[in-house]
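Trainee: Each chain, written out:
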Amino acid sequence: MNEIEEALRSDAARLPAGPSEALQKSLAERAAAEGLLDVAYAELDSPIGPLAVAGTPRGLVRLAYMPAEAMAEELADKLSPRVIRSPARLDEVRRELDEYFEGRRTEFEVPVDWSLSRGFFRRVLERTARVGYGNVSTYAEVAKKAGSPRAVRAAGNALGSNPVAIVVPCHRILRTGGSLGGYGGGLERKEFLLRLEGVIAV
Amino acid sequence: MKLPPLQVLLDAHSGEVYRFLVATAGPVDADDCFQETWISAMRAYPKLTDAGNLRAWLFRIAKNQAVDAHRARSRRPVPVPSVPETASAASGFELEEPELWAAVRELPPKQRAAVYCRSVLGIPYDELAELLECSRDAARRSVHEGLKRLREERTP
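Chains as they are written, first to last, in the numbering used here: chain A, 146 to 347; chain B, -7 to 148.
Hint data in this document are derived by calculation from the structure and do not stem from the laboratory.
Please note: incorrect hints may appear among the correct ones.
As the list claims (entries may be wrong) - In silico DSS-like pairs for lysine-lysine, Cα to Cα no more than 25 Å straight-line:
1) B:39 x A:223
2) B:140 x B:102
3) B:39 x B:-6
4) A:223 x B:-6
Please read these numbers as outputs of a predicted model, since none were measured by experiment.
Produce the entire structure from the sequences given, and follow the hints as far as they go.
Mentor: The structure is reproduced here in structure tokens:
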């Protein structure tokens, strides 16, 4: 009995390590085609460090300055546990971000999936999305446009919760009077983006 | 129900599930079985009510896929893999005892899975029972019967 088990165990080490890349790719494609890929994610390189990005069939749902695996955990909790690393769905985002960082793109075309934001927070972020490249607004102004002129601090919180950094340009919102205010990714990143867009002089 | 991202399962278990399928379903069917296993796992995953033993759950699905492939194989004489074989990882490896593995694949499906999971992976009997959807004693018997048959085959 032992001899058989021994033979199986030692020979099993010669079995292939795992599926080929072609097979893994074909699995991801089929999952997407059958509507089973609820959230696809990837990690992209950028001049301001690695970006974790995630997309649903409806659009870009998350763009964050955090490790991709931590983002995957968060989205499994909030959206669906069917979260799979699958860069293919994020090719368009990657291309647009590359162009943006090279200074060749001033507007993003990828659709945004807003499902992580609700109520006032969402209204603030939708207003923020209308502030164009190279322009800035203030926390007070977006609070007012979102329908609650006195909720300036809440507007700040809404921007801090922005699930889709850069593409929903919360970096374009400053404090009344012109000081930078805060930024979820750290003020150096906010400065970098504003400098890239020509708001802050180089 | 708090479930980990499906990717965590893929990272942790796709290698061992694949090897299990190469061993129990055979190199020709392994790729198809692997894809079917994960597609059905993805379908069922959000509805899982018990995140207790995801590994046993996955192997149970894989075992059933191997059984289905075996049935389909006996209906059609020529294998028609849908994944191009040239790209398969299940070709171009050599085993020292191909006859022994062929004998494993001749075992009834339950014994096949039992022997592999117990003897190669060392899965504890509690988990094996869950995987085989039977009692602990029945799981133990399956391993025993399977190994006994393999030994008889080997020493005629």
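Trainee: Is residue 140 (chain B) within 25 Å of residue 102 (chain B), Cα to Cα?
Mentor: 14 Å, holds
Trainee: Would you mind confirming whether the straight-line C-alpha gap from residue 223 (chain A) to residue -6 (chain B) stays at or under 25 Å?
Mentor: 10 Å, holds
Trainee: Against the 25 Å threshold, does the CA-CA distance of residue 39 (chain B) and residue 223 (chain A) hold or violate the hint?
Mentor: This hinted pair holds, its Cα atoms lying about 15 Å apart.
Trainee: Would you check the hint for residue 39 (chain B) and residue -6 (chain B), treating anything up to 25 Å between C-alpha atoms as holding?
Mentor: 11 Å, holds
Hint compliance for this structure: no hint is broken.
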